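Asks: The numbering of the sequence shown is this note's numbering, which starts it at 84 and goes up by one.
Calculated directly from the structure, the hints in this document are not laboratory data.
Certain hints may be false.
[Claimed, not checked] Pairwise CB distance ranges (calculated):
#, residue 1, residue 2, range
1, Val100, Leu192, 34 to 40 Å
2, Phe208, Val152, 16 to 22 Å
3, Ile144, Gly191, 24 to 30 Å
4, Asp195, Arg164, 34 to 40 Å
5, Phe107, Met200, 21 to 27 Å
6, Leu99, Asn139, 19 to 25 Å
7, Phe135, Lys86, 35 to 41 Å
8, Asp97, Ile170, 15 to 21 Å
9, Ile194, Lys131, 20 to 26 Å
10, Ser122, Ser179, 25 to 31 Å
11, Gly193, Asp97, 41 to 47 Å
12, Ile202, Val104, 24 to 30 Å
13, Ala103, Arg164, 23 to 29 Å
14, Asp195, Ala116, 20 to 26 Å
Since we're looking at a predicted model, the values are computed, not measured.
For each residue, glycine too, the CB sits at the ideal point set by N, CA and C.
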Amino acid sequence: MLKRLTDGVLCSLDFLVCVAVGAFLVYSFYAYAFYPFDSVNILYYFAKTNYFFPQNTFFSIIVFYLFTVSLGFIYIITCKRTNLGRIPNSIIATISIFIIYSFILILGLGIDRFKQMEIFLIQDFLGALIFYLTLALLYRRISSAKN
84 MLKRLTDGVL
94 CSLDFLVCVA
104 VGAFLVYSFY
114 AYAFYPFDSV
124 NILYYFAKTN
134 YFFPQNTFFS
144 IIVFYLFTVS
154 LGFIYIITCK
164 RTNLGRIPNS
174 IIATISIFII
184 YSFILILGLG
194 IDRFKQMEIF
204 LIQDFLGALI
214 FYLTLALLYR
224 RISSAKN
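Model the full assembly from the supplied sequences, consistent with the hints where possible.
Replies: Okay, structure coming up:
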């Protein structure tokens with residue numbers, strides 16, 4: 084009983100640390116973007132969607148982290164549904180999230196504005212891919228490590 088409890092806590096901590104590393108890499112990718120992309124402070128956009136906490140950088144980081152945790156749960160669900168391996172699961176999760184994201188943008192902004200945002204969409208796709216590949220490479224459930 085105690086062993087299962089400690090395994091569950093360690094697995095949760097491992098997941099949260101891997102999500103934090105992935106979130107940091109995504110933040111770094113946006114902050115220090117290479118030539119065709121614009122360097123963007125992604126926390127600025129999370130501050131604009133922050134309706135629950137005061138408007139400062141610390142709470143923007145918290146909202147960004149909670150968002151990446153929710154994206155991490157999508158990766159876990161993808162891993163449980165398919166048994167293709169860690170890297171293919173991360174690519175499937177990235178493509179799935181990007182299709183949903185694109186559909187929401189088309190509904191909200193229209194197809195003309197969507198076409199104008201091409202370079203930013205590529206940057207967003209690469210950011211999601213970096214996050215999911217980081218999770219795929221670092222996160223491993225304890226139960227799968229035993230087998």
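Asks: Indicate, hint by hint, whether the structure satisfies it.
Replies: Hint-by-hint comparison with the structure:
Between Val100 and Leu192 the Cβ separation comes to about 36 Å, which falls inside the hinted range of 34 to 40 Å. The hint said 16 to 22 Å for the Cβ distance between Phe208 and Val152, and at roughly 20 Å that hint holds. The hinted range of 24 to 30 Å is satisfied by Ile144 and Gly191, whose Cβ atoms lie roughly 25 Å apart. The hint said 34 to 40 Å for the Cβ distance between Asp195 and Arg164, and at roughly 35 Å that hint holds.
The hint said 21 to 27 Å for the Cβ distance between Phe107 and Met200, and at roughly 25 Å that hint holds. The beta-carbon spacing between Leu99 and Asn139, approximately 23 Å, falls within the hinted interval of 19 to 25 Å. A C-beta distance of roughly 37 Å is found between Phe135 and Lys86, which places it inside the suggested range of 35 to 41 Å. Separation of Asp97 from Ile170 is about 19 Å and conforms to the stated range, judged on CB atoms against 15 to 21 Å.
Checked against the given bound of 20 to 26 Å, the beta carbons of Ile194 and Lys131, roughly 24 Å apart, stay inside it. Taking the beta carbon of each, Ser122 and Ser179 are about 27 Å apart, inside 25 to 31 Å as hinted. A beta carbon spacing of about 42 Å between Gly193 and Asp97 agrees with the range 41 to 47 Å that was offered as a hint. For the pair Ile202 and Val104, the supplied restraint of 24 to 30 Å holds, since their beta-carbon distance comes to about 26 Å.
Look at Ala103 against Arg164: about 25 Å separates their beta carbons, and that is inside 23 to 29 Å. Distance hint for Asp195 and Ala116: a CB-CB separation of about 25 Å, consistent with the stated range 20 to 26 Å.
The structure shown violates none of the earlier numbered hints.
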